[in-house]
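Colleague: Sequence:
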Amino acid sequence: MGIAKSAVVGTLIVAVAVAAYVTRSKWIPGGGSEQTANAANAPFAMPVPVTAVVKKSIPIYYEYSARTEAISSVTLQAKVAGYIQAQPATDGSDVKKGDLLYQIDPRDYQSALDQAISNQKRDKAALDYARANTLRGQDLIKSGYLSKDLYEQRLSAERQADATLAADEAAVRAAQLNLSYTEIRAPFDGRLGRNQAPVGTLISSIGTVLNTLVYLDNVYVTFNPAETELPEIQKARAQGPVIAEVSFPGEDEARHKGELTFIDNSVDRLTGTITARATIKNADKSLLPGQYVRVRLLLREQPNALLVPQVALGSSQLGKYLYVVGEGNKVELRPITLGRTEGPLVVVQSGLKDSDQVISGNLQKIGPGMPVQPLPPQNGQKPPAGKS
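Note that the sequence shown covers residues 1 to 388 in our numbering.
Just so you know, the hints here were simulated from the structure itself, not pulled from any lab data. All values reported here derive from a predicted model rather than from experimental measurement. Using N, Cα and C, we set each Cβ at its ideal position, and we do this for glycine too. Incorrect hints may appear among the rest.
[What the hints assert, rightly or not] Taking CB as the label site, the calculated pair distances span:
| no. | residue 1 | residue 2 | range |
| --- | --- | --- | --- |
| 1 | Lys97 | Gly207 | 19 to 25 Å |
| 2 | Pro371 | Glu253 | 20 to 26 Å |
| 3 | Ser316 | Pro241 | 27 to 33 Å |
| 4 | Lys55 | Arg255 | 26 to 32 Å |
Build out the structure end to end from the sequences listed, making use of the hints.
Modeller: Next comes the structure, spelled out in structure tokens:
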């Protein structure tokens, strides 16, 4: 009886153990926990870097290819003949208004002036004598000691002497002018070009070119807006000065600034464009006439613009798109419309919200609906500046 009872108890223990083992095998495969099992069966979440959308005001502008022009440029020419005696200003140097640039040998012209002055003095004395004779003749004709004919001869002699003196004075002025032409001075501040008449050259013909002088403190930048852009440009101009920024080809940063100062009065029917011009400050004189540049007209500010890194952009046959982190950390594809670039960022005109988290890496390894693990900015980087 005791043996039978022990056998029954042993059978129950074995049955409980088997049931426990079966239950464990059913719910914890391989000896792991239930949480581990669920994790093993869950889809893999790709780690992806994310960035916040930048929200800020940005300038709205039109950009054009342009060419620089000199505001003032003159050809320096000789107005008198003679040898080039000196060239105080060297080729390519910056000069001030009134600086002596060339000296033509003045000796012949100084002699001509001295001769003209001598003739003037001589004829001045002759005029004085003729006037005295006329005055004496007035008294003599009244007393009857001088005939009317002789008096008129004296009066005529005075008038001739007066005319001769006037001609002498004109000759003196001409001689002074010719002498002044031997000094060729800068008519304005500017930069000289290449010398065409070295010292010792004989200038034998009036009009011989010596050099060129260009004003560089400010320059013109000429460009051609489309007629469709003209209304917005005119609207901005009506509200105040339109700022113009100039950069060199291949550079993003503006080096010089000025303002729009001229719009032509007619549109070219063949090209559909109009000629416009900005006056640009050129303090460092790095802009030279004839250069190709880029000019931007700042028209207005666009508030609350949304910008994202250009590296986050995707492209398909349907256009540009972004991947953003959606509900449940799943990838959402957002078709977008782009605006202009701002350095490493690009303006998103539509298709994005400022609260979106934009995926900026591992774009080739993810797709719409896939789970992702958003990563914070790496290496201590912060979200792009300008977020508001």
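Colleague: Each hint: holds or not?
Modeller: Cross-check of the supplied hints:
1. Checked against the hint of 19 to 25 Å, the C-beta distance between Lys97 and Gly207 comes to roughly 23 Å, which is consistent with it.
2. Evaluation of the 20 to 26 Å hint for Pro371 and Glu253 yields a failure: the beta carbon distance comes to about 42 Å.
3. For the pair Ser316 and Pro241, the supplied restraint of 27 to 33 Å is violated, since their beta-carbon distance comes to about 43 Å.
4. Distance hint check: the CB atoms of Lys55 and Arg255 are about 29 Å apart, consistent with the given range 26 to 32 Å.
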